[in-house]
Structure formats: structure tokens, C-alpha cells
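Asks: Whole structure, please, built from the sequences with the hints as guidance.
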Amino acid sequence: DGGITQSPKYLFRKEGQNVTLSCEQNLNHDAMYWYRQDPGQGLRLIYYSQIVNDFQKGDIAEGYSVSREKKESFPLTVTSAQKNPTAFYLCASSKGTGVQTQYFGPGTRLLVL
Amino acid sequence: AQKITQTQPGMFVQEKEAVTLDCTYDTSDPSYGLFWYKQPSSGEMIFLIYQGSYDQQNATEGRYSLNFQKARKSANLVISASQLGDSAMYFCAMREGVNTGNQFYFGTGTSLTVIP
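For the protein sequence lines, the chains are Z and F, in the order given. Take 1 as the starting number for the first sequence in our numbering and just add one per residue. Take 1 as the starting number for the second sequence in our numbering and just add one per residue.
Treat the hints as calculated values from the structure; they're not laboratory data. Treat the numbers as computed from the prediction; the structure is a model and nothing was measured. All C-beta atoms in this analysis are idealised placements derived from N, C-alpha and C, irrespective of residue type, glycine included.
Cross-link-like lysine-lysine pairs, in silico, DSS-like; alpha carbons within 30 Å at most:
1. F:Lys73 / F:Lys16
2. F:Lys3 / Z:Lys95
3. F:Lys73 / Z:Lys95
4. F:Lys3 / Z:Lys83
5. F:Lys3 / Z:Lys57
Output of the computed footprint for chain F on chain Z, the stretches with three or more beta carbons under 8 Å from beta carbons of chain F:
6. 42-51
7. 87-93
8. 104-110
Replies: So, in C-alpha cells, the structure goes:
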């Protein structure tokens with residue numbers, strides 16, 4: 001089945017630790033995105049990538065980093081510089097430029113110990 | 001200015017009744033798309049329906065329809081014959097086609113509760 005997978009489902013971070021959230025898609029989509037959702041809130045864009053080896057900052061990129069070495073994969077690293085990382089993280093993908101539907105993975109809940 | 005505005009934080013509907021969730025948008029791009037997503041308590045965002053700016057007719061997908069009023073810049077979601085499983089958060093979103101940056105803009109969501 002084609003889709004987007006995210007792992008882990010739950011992730012715990014200690015103070016000062018970097019953690020990486022995985023996002024993989026087998027939809028052959030060019031564009032991939034990372035969003036953060038806080039309780040009772042909408043989605044805020046962290047980073048997005050339109051093609052391999054290229055990515056752009058979204059509205060709240062500080063304290064996060066990404067890479068896009070493969071078309072299928074777009075991992076997100078939450079660095080120690082992100083002081084309030086507890087949130088729900090959603091990865092999404094779409095076919096590319098133009099008005100294309102965005103599809104989402106199941107999400108990762110990050111909690112700080 | 002907000003790109004997407006959802007003014008109803010919470011809505012209630014009786015089972016089997018219809019409900020309308022409001023969404024207004026702001027763009028100067030002639031080409032854009034409007035989307036509705038459902039987010040149940042599990043957290044996954046489920047794509048429901050899409051309306052293109054050049055589409056002449058309102059989009060429909062099963063029990064979902066999009067009431068597209070271009071001059072008013074509104075894209076309300078209508079759910080007919082509500083079911084208990086429709087209880088969830090609903091998000092309206094927009095993507096601009098010409099000046100894309102490939103960004104989606106999301107509203108703050110509406111929490112729908114279906115009452116048996």
C-alpha cells in the first residue's frame with residue numbers, strides 16, 4: 001500500500017538531547033513537509049522540501065533541522081536549541097508544484113522528560 | 001492577515017442531521033486550491049475534499065460537499081447525515097498555485113461533536 005509512515009509513534013527527549021523523527025513515503029511525491037501541532041491548535045510549518053537536496057524554512061524552523069538525501073525520506077531533527085519541543089509532529093507529502101493535495105502520516109508525539 | 005479563518009471553535013450536531021463548518025480565505029493568487037481535512041483523536045490528518053479556484057461546480061465526496069462562494073472567499077464544508085464517527089477536528093486549508101512556495105495554509109480548526 002502507498003502511504004506515509006512516521007516513526008516512532010511516541011518519542012521522549014531528555015534535556016539537551018537531539019532527537020530525530022523519521023518520515024518515509026512511497027507515493028513518489030516530490031514535495032515533503034514537517035508541521036508542528038500544539039494542543040488545541042492548528043498546524044504550523046517547520047520545514048518543507050520540493051526536491052531532493054533542497055529544503056526551505058517554514059514559519060517556526062528555529063531549533064529544528066532537516067535533510068532530504070532521498071526522495072522517499074525527510075527526517076526531522078529536534079535539537080537542544082528547541083526549548084519547548086513537546087508537541088505532535090506531522091509529516092506530509094504532495095506531488096509537487098501547483099495545487100496538489102497534501103497527504104499526511106500518522107504523526108509522532110514528542111515529550112520532554 | 002490570516003490566510004485561512006475558521007471562526008467556529010466548536011460545533012454540535014445531532015446524529016443524522018447536516019452541519020456546515022465555516023471557512024474563509026484570503027489570497028490574491030488567481031490559482032489556488034481549498035482543502036478540508038479531518039483529524040480524529042488519533043491525530044492523523046485525513047484528506048476529505050478539494051475545490052480548485054477555477055472549478056465551476058461545488059466539490060462533493062460522498063456525504064461531504066464544499067460550498068464554494070468565490071466572491072465571498074468562503075469555502076464551507078457541509079456534512080450531510082452526520083454520524084458519530086464524524087466527531088473530530090476539521091481543518092480548512094489553502095494552497096496557492098502561482099505564488100506557491102509549495103506552502104499550505106491551515107486554519108485553527110473546528111471541533112465537531114455529533115450527539116446521539
